[in-house]
Amino acid sequence: MLHNMSRNQEEPLFNRVESARSQVGLSRADLAKLTGVHYQTIGYIERGEYNPSLALALKIAKALSVEVSEIFSTKPFRKESK
Amino acid sequence: MKKKEKQFWPIEGVTRNEVIKSQNDTRFNFLRTRSSRRFMIVGLSTLTLLVALSSIFPPKISSYVSSLGGFCLLAGYLLLRTSVRHIADSPDELLDERQIALRDRSYLHSYRIIASVFTIILIAIFIRIDISESPVEILDWSGFGIWFALIMLMAGLPSMVVAWLDKGEDEI
Chain A
1 MLHNMSRNQE
11 EPLFNRVESA
21 RSQVGLSRAD
31 LAKLTGVHYQ
41 TIGYIERGEY
51 NPSLALALKI
61 AKALSVEVSE
71 IFSTKPFRKE
81 SK
Chain B
83 MKKKEKQFWP
93 IEGVTRNEVI
103 KSQNDTRFNF
113 LRTRSSRRFM
123 IVGLSTLTLL
133 VALSSIFPPK
143 ISSYVSSLGG
153 FCLLAGYLLL
163 RTSVRHIADS
173 PDELLDERQI
183 ALRDRSYLHS
193 YRIIASVFTI
203 ILIAIFIRID
213 ISESPVEILD
223 WSGFGIWFAL
233 IMLMAGLPSM
243 VVAWLDKGED
253 EI
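Residue numbers (our numbering), protein chains in the order written: chain A, 1 to 82; chain B, 83 to 254.
Bear in mind the hints are in silico, worked out from the structure with no lab data behind them.
For each residue, glycine too, the CB sits at the ideal point set by N, CA and C.
There could be a bad hint or two in this list.
[Stated by the list, open to error] Derived DSSO-like pairs: lysine-lysine, alpha-carbon spacing no greater than 27 Å straight-line:
id, chain 1, residue 1, chain 2, residue 2
1, B, K249, A, K33
2, B, K103, A, K75
3, A, K59, B, K103
4, A, K33, A, K62
5, B, K249, A, K59
6, A, K33, A, K59
7, A, K79, A, K62
8, A, K33, B, K103
[Said to hold, decoys possible] Coverage of chain A stretches by chain B, computed from C-beta distances (three or more under 8 Å per stretch; other residues unrestricted):
id, stretch
9, 29–39
10, 47–60
Modelling step: build the complete structure from the supplied sequences, incorporating the hints.
Following this line, the structure appears as structure tokens:
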């Protein structure tokens, strides 16, 4: 059986980069500098409008000192209690 | 101290420093809002059409339209490039993965648009040849304006598509 390989059909990727970034006190520009991308790209990722490559996801996780599975998931994250 | 070599990509028409400076530039942020980008796209499209059709006006008006319109088109193109931070004209090594994907997508759309425009022009030329049976007249019909407009369309279209696809920076 053939699997649908179209990128248009890809599952949504959920992330909590914004909250993890705020926790370590980094700005978008700081995180962008640490990961070698433009700050606008960080904004797109945080809003879920761009799914990063695995390499970039790993770089972001490293910069935020968390595991990649803590900030990226194919299932929605539970809302954090404040 | 060794002076850094000026790196220039002739096809893209940009220098390394120009792109790096543009990526971090905040002076022209007013050009990077969604409304500014949409305004520039509509303006440039209208100007391109006007310059392309300038030969249909009386000779004196035609020369004004093609020269003034051509100058505005060139200025608008440079402003649009600044607005999209030279993404459409930069080589891979100066862009991040999202920008590369955006640039590549813009070239796909640009190719389709350009192909459509050229198909229409070629059909128009063939029809004209068929009617007049004089290919020489085509030279009159396609004066300076249309060639300049086509060159500017080919140069500027990728940046126009990037500006259309990319969200304004005020929304990020």
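The hints, checked one at a time:
1. As the CA atoms of K249 of chain B and K33 of chain A are separated by approximately 21 Å, the hinted pair is consistent with the 27 Å bound.
2. Restraint check for K103 of chain B and K75 of chain A: not satisfied, since their Cα atoms lie roughly 39 Å apart, outside the 27 Å limit.
3. For the suggested pair K59 of chain A and K103 of chain B, the alpha carbons sit about 24 Å apart, so the restraint of at most 27 Å is met.
4. A threshold of 27 Å between alpha carbons decides the hint, and for K33 of chain A with K62 of chain A the separation of about 13 Å falls inside it, so the pair holds.
5. Taking the CA atoms of K249 of chain B and K59 of chain A, the gap is about 24 Å. The hint holds against a cut of 27 Å.
6. Between K33 of chain A and K59 of chain A, the direct Cα distance comes to roughly 11 Å. Compliance with the 27 Å bound is thereby established for this hinted pair.
7. A C-alpha spacing of about 23 Å is found between K79 of chain A and K62 of chain A, which places the hinted pair at or below 27 Å, so the restraint holds.
8. For the hint linking K33 of chain A to K103 of chain B, the alpha-carbon distance of about 15 Å falls within 27 Å, and the restraint holds.
9. Beta-carbon proximity to chain B at under 8 Å applies to 3 residues in the stretch 29–39 of chain A; the threshold of 3 is reached and the given coverage holds.
10. Three residues within the 8 Å Cβ limit are the bar, and the stretch 47–60 of chain A against chain B gives 6, so the coverage statement holds.
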